[in-house]
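> Chains A, B, C, D, E and F supply the protein sequences, listed in that same order.
Residues in the first sequence are numbered from 1 upward in steps of one, following our numbering.
Residues in the second sequence are numbered from 1001 upward in steps of one, following our numbering.
Residues in the third sequence are numbered from 2001 upward in steps of one, following our numbering.
Residues in the fourth sequence are numbered from 3001 upward in steps of one, following our numbering.
Residues in the fifth sequence are numbered from 4001 upward in steps of one, following our numbering.
Residues in the sixth sequence are numbered from 5001 upward in steps of one, following our numbering.
The hints are simulated quantities; they were obtained by calculation from the structure and are not laboratory data.
Do not take every clue at face value.
[Unchecked claim] Among chain D residues calculated to face chain E with C-beta under 8 Å, some are:
1. Leu-3039
2. Phe-3227
3. Val-3383
[Unchecked claim] Capping the alpha-carbon separation at 30 Å, the derived lysine-lysine pairs in DSS-like fashion look like this:
4. E:Lys-4157 - E:Lys-4555
5. E:Lys-4105 - E:Lys-4293
6. C:Lys-2083 - F:Lys-5058
7. E:Lys-4705 - B:Lys-1107
8. E:Lys-4105 - E:Lys-4023
9. D:Lys-3364 - E:Lys-4157
10. E:Lys-4105 - B:Lys-1099
11. A:Lys-62 - C:Lys-2083
12. D:Lys-3195 - E:Lys-4749
13. E:Lys-4022 - B:Lys-1107
14. B:Lys-1099 - E:Lys-4793
15. D:Lys-3440 - D:Lys-3364
16. E:Lys-4739 - E:Lys-4651
17. A:Lys-116 - E:Lys-4022
18. E:Lys-4739 - D:Lys-3195
19. E:Lys-4555 - E:Lys-4703
20. E:Lys-4022 - D:Lys-3445
21. E:Lys-4793 - F:Lys-5058
22. D:Lys-3493 - D:Lys-3479
[Claimed, not checked] In silico negatives: residues of chain B with every beta carbon more than 10 Å from chain F:
23. Ile-1003
24. Phe-1007
25. Phe-1011
26. Ser-1022
27. Arg-1023
28. Ser-1048
29. Lys-1050
30. Gly-1051
31. Ser-1052
32. Ala-1053
33. Tyr-1095
34. Lys-1099
35. Thr-1100
36. Asp-1102
37. Thr-1104
38. Lys-1107
Note that CB positions come from ideal geometry on N, CA and C, so glycine has one too.
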Amino acid sequence: MTILANILVVFFIAAGLLFLVVAAIGVLRLPDLYTRAHAASKSSTLGVMCILLGVFFHFWLKEDHFNPTILLGVLFLFITGPVGAHIMSRSSYIAGVKPWSGTMRDELKPEIERMKKEQNIE
Amino acid sequence: MEIVMAFVCGFLFMAAIYLILSRSLLRIIIGTGLLSHGAHLLILTMGSFKGSAPPVLSDGVTDFVDPLPQALILTAIVISFGVTAFILVLAYRAYHELKTDDMTLMKGSEDNE
Amino acid sequence: MTYFLWAAIIIVALSIVALVFRLVKGPNPSDRVVALDTIGVALICLVGLFSMLIDTSFFLEIILLLAVLSFIGTIAFSKFIEKGDIITRDDSR
Amino acid sequence: MNNFLLFPIIIPFFFAMILMFGRNNIAYQRITTLFGLVLSIICAAGLVSKVYEDGPQIVTFGNWPVPFGITMVSDMVSALLVLTTLILALFIVWYGFASIGKEREKFFYYSGIMFILTGVNGAFTTGDIFNLFVFFEVLLMSSYLLIVLGGEKAQLRESIKYILVNVISSALFVITVAYLYSVVGTLNMADISLKIAEIDQPGILTVIAVLFLLVFGMKAAIFPIYFWLPSAYSAPPIPVLALFGALLTKVGVYSITRTYTLFFTHDLSFTHELLLILSILTIVAGCIGALAHFDVKQIIIYNIVIAVGVILFGVAQMNEAGLEGAVLYLIHDMIIKAALFMLIGIVIYVTGTTNLRKMGGLMKTYPALGWFYLIAAFGLVGVPPLSGFIGKLLIVRGGFEAANTWTTILVLASSIIVLLSAMRIFIYAFWGEQGQLSSKVQKNKYNRLFIPTALLVVLSIFYGIGTEWLMPFMGDAAKVLVDPSIYTNAVMKGGN
Amino acid sequence: MFQVLCIFIPLLAALFMPFFFKKVSTIHTGWFVLVVPIFLVSYYALFIPTVSKGDSVIAQLDWIPSLGISFVSYLDGLSLLFSLLISGIGALVVLYSIFYLDRTKEQLHNFYIYLLMFMCAMLGVVQSDNMMTLYLFWELTSISSFLLIGYWNNRDKSRFGALKSMMITVAGGMMMLGGFVLLSIMGDTFSIRELISQAPELSTNDLFVVALVLILLGAFTKSAQFPFYIWLPDAMEAPTPVSAYLHSATMVKAGLYLVARFTPIFAVSEIWIWLVTGIGLLTLFWGSFFALKQRDLKGILAFSTVSQLGLIMSLLGVGAIAFHVDGAQETIFKYAAFAAIFHLINHATFKGSLFMIAGIVDHETGTRDIRKLGGLMSIMPVSFTVALIGSFSMAGLPPFNGFLSKEMFLTAVLSITEFDLFNFSTWGVLFPIIAWIASVFTFIYSFYFVFHTFTGKGKIDQLPHKPHEAPMGMLVSPVILAGLVVALFFIPNMIADTFIKPAVMAVQPFLYSSPDQIDIHVAAWHGHITTELKMTAGIIVLGLALFLTLSRWQKIYSLFPSKLTLNNLYDFIIYDLFDRWAGRLSGLYMTGSIRRYLSYMLGSISIIVIATLFMQDAFRMNFDGASPIRIYQVILIIVLVIGTITTVFAKSRITSIVALGLVGYTVSLFFIMFNAPDLALTQLVIETISVALFLLAFYHLPKLKKEKERTQFRFGRAFVSIAVGAMVTLVALSAHSQKLIPSISEYYKETVYSLAGGGNIVNVILVDYRGFDTLFEIAVLSIAGIAIFGMIKLRLSKKGEKL
Amino acid sequence: MKTNDVIIQFTAKIVFFMIFFYAVHIFFAGHYTPGGGFVGGLVTASAIVLLIVAFDLKTVQTILPINYIYMVAIGLILALGTAAISMFTGKPFFTHFFDYFNLPILGKTSLHTAALFDLGVYLVVVGVTMTIIQTIGEDE
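So that you can see chain A by itself, here it is in the shape it has in the complex (with noise of 0.2 Å):
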């Protein structure tokens, strides 16, 4: 049991780790903010997620000691994680940060357009 239980818990912490320095990785190496933004927040997400997950079944199989505000956090992180880094991005490109020049395609763009244009700003 107890040796079923710790390969459960490497496997999440192992792969959460994996995830993790990938998006570490991503964050240090990508060329335009967006794209760092994609991979801190999905990547990184998933990552803590899958390190929670071990931290947790390891309080709870082998410490015998159910802790719910682990299974909170992870859902908390759920939530949350996406929708930061979306806000983030889109603050962003309001503010004006300009995309990497390699960008395929700006949606964006043009709706932000029009929206300045139906409230008169220029």
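Fit chains B, C, D, E and F to the known structure of chain A by using the hints.
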């Protein structure tokens, strides 16, 4: 570790004082923030890191770290939060009224001769 | 198991260092905020792993708290970046 | 168990809370404040008599044994200071009714005053070094409130400086407490005293002693660290200035006195010698400043610095005469500084300027003001039989007894500079040709300012003439300072 | 009891003066005042029989018995003599002032309050046996004289003179207080009588000389001795009754009184004799010499007073020699003390009358400038007669009392050369020579005063007022005094027996047990031609010669440099050094720049602390018992350091604030590492909220600019910050390495569950063991809250106000 | 420029309640595990801040019509009052009382005056934080 932490605290104090001595109000405020961080870490360091468990009772653990410095730091943290908030607001009020955030221009010595 | 956790902690710590590098480098504030957000996430992992390492559940409270704060921080920063102010008095006007 | 000694702290605290309600109802604010002050004064007076009869009063919170809970200790020194503080606050609040302005009254001015009293009284009473820090923060925070309230330009400009200095000094205070805790492992002041005596104050404790001196010295404005004081005190309105001038630096002085008589008494040749040198330099620096200015506020403000030097000089002697003198002079200085600030507040009100060179001839238009100023000024200098004399006499006596002949003569000589600076105000403002007069003076408001001021000056006269009645109290206070074992024994046995 | 209260009678009477002035406007307030000194004279006269027998009367009123301070009225010969002088001359001066000061034009109540205050103070000085109350009255004389001199405070010169006299006399008083305290420590009493009784033991004390010099400083400043005399000429701005009272008869004599009173204690000291005699003679010469430079009538009198005070002072010094000699010589030195007291009385009479005459001249002609005066003899015959009597007495001519005391003075200085202790036999020769020269000048200025005013060609029509003889009332007082001048010449021995001998007893108490033992007989003619008489003849001859040629050689006074005078020194100290230079000096460092202040403050703090650390040999570095260093901790430290450096060098607001946030989060991680979950929680939330606050405030704050610094300040700044960092580190290291006593926190760990009913020790400490801290910590928060509320909502700043 | 904030506002509503209950949990956990009035208060405050950021001040004020300064005062009075209770029983100031009770649903629970004190702390912290943020936010 305590030895290293002593140096870290010293470093924080150094940076804090350096910032506090600068011209811009904002840097000064950030300096005060660093100053309180340094002070809090120092209290913890001075309480020593002996003991391997947090000072919360749980079964079978007796080797707690010293809880008293932690309580003191907690008090200090809250107080410095209040002060930081105050000084921040003061800074922007002063900027609004005085139209500058440059400390060298805030001498005001001509008023009192 | 301990060694595994050690390794894991060090990996997380190193990725934090990488993120800090991004945080310092910028180039614009949004990048820094993204980096900070990700650091928050990494910290959550670190705290979880650390509690496993020293076998105590008292730090688990911090996990959710970190998540909450990191979210609030991100929202606040993004609003600041967008509008230069994080609180608007009356949006309907 | 005796909770009575808490009342002078808790009553202002409670009233501060009450005053946070109904901030727009000025009548309610004023009446409540006065009621609270009177109530606390009664308690403080009761406390003094109780301490006089039964010795130091002790309460350790939460019924914990002594070094573990927070202990409050009211010995004669602190009881007297608490009483003085409250009485002065009453006068200043009264004075403030006419001068502080409705706007400020609506924005927690009275709460601020009550909070600052809580802080000051707590700092005087506490027997726990970290709790002292907390009370310092209470009084500092409320002083921030008061110094900035109103948001005038000069206020904002000077408050930044004031707060910055105090933030740094608070940080230093906290780390100093941490050092002390690291070495002796306790926070209770009586316990610290015993433990330091046990290990006979090795070098590291002397270093900590010096740190304490400098930390408190920053608040008390002693020599190398007084620079912030003159400009910071020039900003706030007069009642607040009077409150600050009378109380805040004195808390620093009290703390130095307390730590240097209770804790660090085993290496006098270093610590107290340093204190002596710094106090002398403080006097010199204060004298230079007092002479350098032709601004009424600045002159009195620098006199605070001089007085701090004189009191600490008395403390540095570490003999009964010196300490008794220091306590007497401390209380005298609190009273007289409040009175002087209130007086020059009236002068500024009637002339509309703080510049001495623009004033003149007030003796003809406001003779009573002139007379009271003259009395207060001579009290400041220490002319007998006014209030400063006996304190200065005892300090001088202590200095001579401790064989510090030349420095003592210097202290005496400083009185002449004090005299010159005080007389400069008198001669320029009250004598000579009629100078500038403000056009906005209302007789009614002038009277409302003048009455509390005059009464306070009269109080100071009584303090001087009636010294004999005070001597038993002062003697008790000095005994506690001379012999720390009175304090530690009282605390350790629980003080029932 | 009543005897003590009598001292305060003038003060009590002063309280009623405003009433008399305001309500009884038809009668000159002076008439009410006059009652007081007259009552006092008659009251003190009652003591004459007792005291002249050599007894003393003492009464006491306790003030601060626990410190041994009490009001004492001690009437022995010396005190009684002075008390009578004070009240007697006081009565005459008040009488004179009634005619001198106009009821309708002057603030009479103020004047008489000051005058009565002064009278009380003087009585107190001369009757106090307790040194502290003596000091009290001493300062009161300075204060009341300040007020009297500044009576016409619209005049610049009045204010200047008032301040000058107060500064100098109070400074002396402060020093005197120091001397008193020293004496009281040596003798363990404030009572002068008790000190005198233990005089021999006192002299062995190390600080005896210090006390001596300090007390002499008090006496010299008050009695206008060289070099402190400079306040006296400027004090002539006071109304003339004041000058007649304070600056001739009473206040300036307080210093003499003090010297006389303390002679029994200090006479054993060589320094005392040299200082008192030497300074006295120097003052005598200096005053008489410079009196001739003066153009102002009162100025001449002021310098003459200075010189006469010097004369008496030197006599007291010579008198002190009596304690060192025995046998035949003794009698000679006894003369000195006798002569001192005698001349003191004489001086009060003739100088008082002369001042009043000067006042009359001023009052009637409108000027006191001697160059504009002259030929008044025919217009003001009575005044002229009085002036003549006074001047001749001052010059030492018979048949006036000045002659007698002057002769005795010459006897005294001549005798010094015979004294073979303390080098007097070699240097003492100078004394009679100086005394003689000074007497010549005294002769000249006396003549100068009287003849240049009253004889010669007067430009009477050019005077501001048309002169005429003064009203009768005004002349009463000077005439009475002049009468005394003459009378004293003829009945000196009666005066001697009643007043002088008891007073001498007080000065030389060891030598006599009753006044009868003083076998001194004053006589104008000793039956043969003595050296003194020859000297007097010389004075008259040379004096007359020089007086007649005065206009030729008076120019030499202009040769004296005007820059190097003592007055200039005083002006330099008060107005240059104190006013301007202090301003400049403090302007150098009190710049208003908080950065500068903070650098000074922090720099000095760290230097003092680090110096203490090494001076006390307190630095230790001890690795024992330190917890191990882990890799993740190192990584964290690196993150922390990077974050800190970023905050320091950040160029944009966001970067610096993000970096600060990073530091904050790292700190909370440290809290986790060091097993402090509560701290970590709190720190995290607080850090986040602080960041939010920063962002909020940013909306209102400007962008960061690149800082331009002067290189000098940049280095200073770096130095200060490094010093502070080093201080924190060094102290932390040594404090950690010297954990001498284990912490009290074991108790908390043991009792937290059983006694406090909790599991989280930190939290229980916060709400229970140390709940009081928490209570006030939330108070701090609350204050911050309302302060911020008030700061934002309340704006009193006016538009257009200067920064 | 005005943009629509549907996503953030919707998320904020949900998250607000999560955070709030979490805060209450932390507050009650304080005596035995990490947490307490402070942290609870601050977390509550940050939840409200989240709402304010997502919406605007006026909206939030209509949702939560609280005078935060009164809240501070009440918190202080509560804290002081709790501490002062013991004075009336002759014990020193700040003596807390606690006992263990068996309550129907919760089982063995301790009731503690310290919790009341902590509630005061909680109120003060929320009140102060919100006062600060609100006043700054309202400032022109």
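> Looking back at the numbered hints, which does the structure fail to meet, lowest number first?
1, 5, 10, 11, 13, 16, 17, 19
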